[in-house]
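So the sequence lines, in the order shown, correspond to chains U and G. Counting in UniProt numbering, the first sequence runs from 1 upward without gaps. Counting in UniProt numbering, the second sequence runs from 1 upward without gaps.
None of these hints come from the bench; they were simulated from the model. Beta carbons: idealized from backbone N, C-alpha and C, even for Gly. Just to be clear, a hint being listed does not mean it is correct.
Unchecked claim - Here's a subset of chain G near chain U, in silico, CB distances under 7 angstroms, partners left out: (1) C27; (2) E37; (3) G49; (4) L57; (5) Q58; (6) H63; (7) A68; (8) L80; (9) P83; (10) L101; (11) E106; (12) E107; (13) N109; (14) I112.
Claimed, not checked - Straight-line distance between alpha carbons at most 25 angstroms, and here's what the computed SDA-like set of lysine to any residue pairs gives: (15) G:K39 x U:G45; (16) U:K36 x G:S54; (17) U:K13 x U:R61; (18) G:K55 x U:A20; (19) U:K42 x U:N92.
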Amino acid sequence: MRGPGSSPCASCKLLRRRCAKECIFAPYFPPDDPHKFAIVHKVFGASNVSKMLQELPVHQRADAVNSLVFEANARVRDPVYGCVGAISYLQNQVTQLQMQLAVAQTEILCIQMQHEPALQSHHEVFELDQDDKAHLLHSNNNSINNCNNNYNLAYAMSSGQLNSNFASPSSIIQMQMQDPLKQESLWT
Amino acid sequence: MSSSYSNYTNSPCAACKFLRRKCTSDCVFAPYFPPEEPKKFANVHRIFGASNVSKILQEVEPHQREDAVNSLAYEAEARLRDPVYGCVGAISVLQRQVLGLQSELEETNADIMRYASCLGGETTSVYGARRG
Numbered sequence: 001m002r003g004p005g006s007s008p009c010a011s012c013k014l015l016r017r018r019c020a021k022e023c024i025f026a027p028y029f030p031p032d033d034p035h036k037f038a039i040v041h042k043v044f045g046a047s048n049v050s051k052m053l054q055e056l057p058v059h060q061r062a063d064a065v066n067s068l069v070f071e072a073n074a075r076v077r078d079p080v081y082g083c084v085g086a087i088s089y090l091q092n093q094v095t096q097l098q099m100q101l102a103v104a105q106t107e108i109l110c111i112q113m114q115h116e117p118a119l120q121s122h123h124e125v126f127e128l129d130q131d132d133k134a135h136l137l138h139s140n141n142n143s144i145n146n147c148n149n150n151y152n153l154a155y156a157m158s159s160g161q162l163n164s165n166f167a168s169p170s171s172i173i174q175m176q177m178q179d180p181l182k183q184e185s186l187w188t
Numbered sequence: 001m002s003s004s005y006s007n008y009t010n011s012p013c014a015a016c017k018f019l020r021r022k023c024t025s026d027c028v029f030a031p032y033f034p035p036e037e038p039k040k041f042a043n044v045h046r047i048f049g050a051s052n053v054s055k056i057l058q059e060v061e062p063h064q065r066e067d068a069v070n071s072l073a074y075e076a077e078a079r080l081r082d083p084v085y086g087c088v089g090a091i092s093v094l095q096r097q098v099l100g101l102q103s104e105l106e107e108t109n110a111d112i113m114r115y116a117s118c119l120g121g122e123t124t125s126v127y128g129a130r131r132g
C-alpha cells in the first residue's frame, strides 16, 4: 500500500493516471525503475498484466511480475523467439552434456574392465563400491538442490548462435507444443 | 501458405473470427492463425493482446513471422498453464539440469584422471587411443 504523499508507481507514471492506494501495480513497479514496467507494458500490455495479477493470490504476484519482466526482456532482445530461444539453447546444452557424460562414463568402464587386477591392487588409493559403480553405469540427470532465484540468466542466444547440428528453436517449438509442459515450481 | 486463401473464399482467419471483424486480403494474422486453430489465437490474444502481436509481426522479417507466432503461442500456452512462472519455470528447470550435468561430468572426469594416475598414466580410451 502506498503511504500518503508518495510518488506514483512506475506504471501510473507511464500511463499518466492517478496512482490509487490500491493500485495493483504499485507494489511491484516502484517509481525508481521505470524501465521494468515499460518493457512489460510493451510486450504484454498493462491491462493484460493487470488481469493476470488479479487472478493470482497476492503472495505469488511478485514472482509473476519478475517472470513477466524476464519474458518481456527476452522478447525485446529476440523478437522472433523470445524465451523460447533460451529454452532451445538450454535443451541443446543438456543434450550435449548428457552425451559427454555418457562418453566419460563409458571410458571409466573401459578402464575398469581393462585394468581390473591392477585396480584391485590399488584399492587403498581408490575404491569403488557397488553404489559408485551403479552411479557410473547409469547416466542420470542429477538435479542438484541448488535453487537459484536468478533471473539474470546468461542470455546470449539467438537462433544464429545455436549449433547447427542441434535442433533449431522452431523445431523445438513444434515438438514441445505436442507435449504437455512439465515444470517444477522452484521458488520457495 | 494455403491459409492465405482463407480470407478470400473460405472462413475468416482465427484472429478475425475472434475479433469479429472482416478478414481482409492483407490481414497480418491470416497466414499464421488459420481458422481451424482458434485456440492458438485466443491464447496469444489473452496473454499478449492482438495489437502487441501485430506490432511484433510487423517488426520481424516476413520469413521469420511464422516462428515468431509459434514462439508467442508457446509462451502464451506456458503462461496459461503456469500463471506465475510461465515458460521461465522451464528455463529454471533446464538451468538446474545443466548445472547438475556439469557437476557430474566434472566428477566423472576427475575419476578418469584418478584412474589414470593410479595406473601410472596408461589407459586406453573407449576409442582405442592410448593416453599417457
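Among the hints numbered above, which are violated by the structure, and what are their numbers in rising order?
Hints 1, 2, 4, 5, 6, 8, 11, 12, 18 and 19 contradicted; others consistent.
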